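> Taken in order, these protein sequences are the chains called A and B. The opening position of the first sequence corresponds to residue 1 in the working numbering, with each subsequent residue numbered one higher. The opening position of the second sequence corresponds to residue 260 in the working numbering, with each subsequent residue numbered one higher.
A few of these clues could be false.
[Said to hold, decoys possible] Which chain B residues stay away from chain A? Per the calculated CB distances, all over 12 Å, these:
1. Asn268
2. Gln286
3. Glu395
4. Ile397
5. Ala399
6. Leu400
7. Leu403
8. Ile408
9. Ala451
10. Ser468
[To be verified] Within a straight-line C-alpha distance of at most 25 Å, the following computed DMTMM-like cross-link-like pairs (lysine to aspartate or glutamate) qualify:
11. A:Lys222 / A:Asp193
12. A:Lys51 / B:Glu348
13. A:Lys85 / B:Asp398
14. A:Lys32 / A:Asp204
15. A:Lys20 / A:Asp60
16. A:Lys20 / A:Glu170
17. A:Lys113 / A:Glu65
18. A:Lys51 / A:Asp97
19. A:Lys113 / A:Glu144
20. A:Lys32 / A:Asp67
21. A:Lys51 / B:Glu462
22. A:Lys32 / A:Asp78
23. A:Lys11 / B:Glu366
24. A:Lys20 / B:Glu395
25. A:Lys85 / A:Asp29
26. A:Lys113 / B:Asp398
27. A:Lys189 / A:Asp77
28. A:Lys20 / B:Glu348
29. A:Lys113 / B:Glu395
30. A:Lys85 / A:Glu249
31. A:Lys222 / A:Asp60
32. A:Lys51 / B:Glu395
33. A:Lys85 / A:Glu19
34. A:Lys85 / B:Glu395
35. A:Lys113 / A:Asp60
36. A:Lys32 / A:Glu162
37. B:Lys445 / B:Glu348
Think of the hints as simulated: they come from the structure by calculation, not from any bench. Here the structure is a predicted model, which means the values were calculated and not measured. Ideal Cβ positions, reconstructed from N, Cα and C, are used throughout, including at glycine.
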Amino acid sequence: MNDTPPKIRLKNLHKRFGEKVVLNGLNLDVGKGESVVIMGGSGSGKSVSLKCLLGLLTPDQGQIEIDGASILGISEDDRDQINRKFGMLFQHAALFDSMTVLDNVTFGLIRGKGLMTSDAERVAYEKLEQVGLDRSFGPRMPAELSGGQRKRVGLARAVALEPEIILFDEPTTGLDPVMGDTINELIVKCTRDLGATTLTITHDMASARVIADRIAMLYQGKIIWAGPTDQVDASGDPRVDQFIHGRAEGPIKMEVRRL
Amino acid sequence: MSERRVAINPLRTIGAATLGMLATIGQLTLFMLNSVSHFVRPPIYFRLIGRQMIDVGYYSLPVVGMTTLFSGMVIALQSYTGAERGGTEDAALAQVTSVVLLAVTRELAPVLAGLMVAGRIGAAMAAEIGTMRVTEQIDALTTLSTNPIKYLVVPRIIAGLTMLPFLVLIGDIIGVFGGYVVGVYKLDLNPALYVQKTYETLEFLDIFSGLVKAAVFGFVVTLLGCYMGYHSSGGAQGVGAATTNAVVAAAILILILNYLLTQLFFGI
Chain A
1 MNDTPPKIRL KNLHKRFGEK VVLNGLNLDV GKGESVVIMG GSGSGKSVSL KCLLGLLTPD
61 QGQIEIDGAS ILGISEDDRD QINRKFGMLF QHAALFDSMT VLDNVTFGLI RGKGLMTSDA
121 ERVAYEKLEQ VGLDRSFGPR MPAELSGGQR KRVGLARAVA LEPEIILFDE PTTGLDPVMG
181 DTINELIVKC TRDLGATTLT ITHDMASARV IADRIAMLYQ GKIIWAGPTD QVDASGDPRV
241 DQFIHGRAEG PIKMEVRRL
Chain B
260 MSERRVAINP LRTIGAATLG MLATIGQLTL FMLNSVSHFV RPPIYFRLIG RQMIDVGYYS
320 LPVVGMTTLF SGMVIALQSY TGAERGGTED AALAQVTSVV LLAVTRELAP VLAGLMVAGR
380 IGAAMAAEIG TMRVTEQIDA LTTLSTNPIK YLVVPRIIAG LTMLPFLVLI GDIIGVFGGY
440 VVGVYKLDLN PALYVQKTYE TLEFLDIFSG LVKAAVFGFV VTLLGCYMGY HSSGGAQGVG
500 AATTNAVVAA AILILILNYL LTQLFFGI
């Protein structure tokens with residue numbers, strides 16, 4: 001098994017916007033079926049690394065490999081094929097607000113997988129039920145839902161296509177702790193069921209401990225520590241300690257930035 | 260630091276602005292080529308194209324109808340006051356019919372329809388796509404195996420390209436009719452002669468040039484609406500700016516292109 005390439009390999013990624021260096025030699029491997037959480041503060045490059053992976057941004061330097069094959073500089077059609085392997089839960093769920101909940105979940109099934117509407121709806125209701133939303137939610141519009149319900153619909157939409165890789169962008173941001181934990185458990189349940197590889201970015205330690213097999217700490221555009229979740233408390237790196245305990249004082253000096 | 264640089268070297272500011280503009284033009288050109296290349300590449304979303312065509316074409320009819328109606332009416336009035344200052348009834352009739360016909364079909368219908376649609380449709384497209392951009396819905400499309408250009412942009416541009424000529428054709432008829440109403444009921448011109456004179460003056464190129472202009476304007480309005488929305492950033496304010504830019508840029512481009520196309524068709 002050791003010679004199989006990792007599902008996702010980010011190799012020496014560099015990305016800068018103007019004079020601001022965002023990624024500065026990021027290296028990370030995610031094995032098949034593994035759940036890795038990238039932790040990091042605001043502005044540490046978490047979102048940019050996900051966007052590079054999805055092909056929404058192109059890194060200035062470095063390699064991104066999926067199943068051992070590079071996905072940078074490939075044709076648009078190949079990129080579409082690669083994107084079929086991905087599912088993503090966006091930070092604010094990014095539901096299509098012109099469509100009902102049901103249409104949101106069936107969207108990828110009908111357009112991506114070419115299912116008949118009736119089959120797609122059956123799968124969609126199944127997935128909605130998995131995230132704890134009954135049939136009455138189907139015809140509702142995203143604007144009528146609470147934050148937690150939107151996240152659940154977003155999760156149902158992401159797992160409906162049964163992707164090989166699922167990306168989570170701050171899955172618990174903006175939710176109360178109980179709802180946050182519910183989402184965490186749903187993420188674990190849904191992805192384990194699928195056997196999917198997941199990559200999550202978050203700054204919520206509680207969430208990371210539930211979701212992750214392995215945690216990687218991103219700081220100033222680099223992974224400064226990576227290891228199994230149960231070893232994160234004994235990393236021996238003062239920067240990781242500062243982050244997981246949420247202390248303002250320590251080696252990480254927060255730039256006070258304009259938002 | 261940067262203020263000092265500006266003070267020391269104004270050329271720097273001018274250069275930066277020029278580079279920024281060139282970059283935008285380049286980006287817009289790439290966006291246009293990318294969109295156009297998706298016109299014929301499957302899958303083609305016929306349902307979405309149909310929905311946009313109804314939105315751009317059918318629902319703009321009242322606005323375009325009203326503008327062209329009153330434009331035709333006012334042109335009849337203006338050209339009559341010009342003619343009656345020294346001339347016979349016949350000369351006045353000839354002048355009113357030909358001025359109304361030429362002004363409406365060649366200029367007023369396409370330009371006013373273009374501007375109205377820029378305000379109605381271009382703004383709405385920029386706002387809708389811009390909101391989808393800042394709420395990550397466009398990124399979400401990508402992760403659901405749907406090309407956002409094909410799904411959002413292409414149907415809108417096709418609708419603009421095909422529906423504006425349709426609107427202008429209707430606008431031509433309504434505008435000329437407006438001229439007829441004023442000519443006959445207000446200026447007491449002979450209705451039969453008015454219609455006959457209009458037919459005699461009518462040339463294919465008048466209508467055709469107007470329709471070509473309309474197609475170009477429809478393309479420009481929808482392209483800019485989509486482009487500005489697609490590249491908006493920074494939340495509500497960014498979407499607002501994108502909407503403004505889409506309308507202003509489309510309006511200016513319509514007027515510039517109108518001159519160039521007129522020169523192309525009728526230039527000496």
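> Each hint: holds or not?
To see whether the hints hold, each was checked on the structure:
1. Asn268: holds (19 Å)
2. Gln286: holds (15 Å)
3. Glu395: At roughly 4 Å from the nearest Cβ of chain A, B:Glu395 sits no farther out than 12 Å, so the non-interface label is violated.
4. Ile397: violated (9 Å)
5. Ala399: Label violated. Min Cβ-Cβ 4 Å, cutoff 12 Å.
6. Leu400: violated (8 Å)
7. Leu403: Label violated. Min Cβ-Cβ 4 Å, cutoff 12 Å.
8. Ile408: B:Ile408 not clear of chain A: closest Cβ-Cβ about 10 Å, inside 12 Å.
9. Ala451: Holds, since 52 Å exceeds 12 Å.
10. Ser468: holds (37 Å)
11. A:Lys222 / A:Asp193: violated (32 Å)
12. A:Lys51 / B:Glu348: Not OK: A:Lys51 and B:Glu348 at ~73 Å, beyond 25 Å, violated.
13. A:Lys85 / B:Asp398: holds (15 Å)
14. A:Lys32 / A:Asp204: holds (24 Å)
15. A:Lys20 / A:Asp60: holds (13 Å)
16. A:Lys20 / A:Glu170: Status holds; Cα separation ~23 Å.
17. A:Lys113 / A:Glu65: holds (24 Å)
18. A:Lys51 / A:Asp97: holds (22 Å)
19. A:Lys113 / A:Glu144: Violated - the C-alpha atoms of A:Glu144 and A:Lys113 are around 28 Å apart, more than 25 Å.
20. A:Lys32 / A:Asp67: Status holds; Cα separation ~9 Å.
21. A:Lys51 / B:Glu462: violated (56 Å)
22. A:Lys32 / A:Asp78: Distance ~21 Å between A:Lys32 and A:Asp78 Cα, so the pair holds.
23. A:Lys11 / B:Glu366: Answer violated: A:Lys11 to B:Glu366 is near 59 Å, above 25 Å.
24. A:Lys20 / B:Glu395: holds (23 Å)
25. A:Lys85 / A:Asp29: holds (17 Å)
26. A:Lys113 / B:Asp398: holds (18 Å)
27. A:Lys189 / A:Asp77: violated (32 Å)
28. A:Lys20 / B:Glu348: Violated - the C-alpha atoms of B:Glu348 and A:Lys20 are around 75 Å apart, more than 25 Å.
29. A:Lys113 / B:Glu395: Measuring from Cα to Cα gives roughly 22 Å; hence the hint holds.
30. A:Lys85 / A:Glu249: Roughly 41 Å separates the two Cα atoms, so the pair is violated.
31. A:Lys222 / A:Asp60: holds (15 Å)
32. A:Lys51 / B:Glu395: holds (11 Å)
33. A:Lys85 / A:Glu19: Distance ~33 Å between A:Lys85 and A:Glu19 Cα, so the pair is violated.
34. A:Lys85 / B:Glu395: holds (19 Å)
35. A:Lys113 / A:Asp60: violated (33 Å)
36. A:Lys32 / A:Glu162: The given pair, whose Cα atoms are some 15 Å apart, holds under the 25 Å limit.
37. B:Lys445 / B:Glu348: holds (14 Å)
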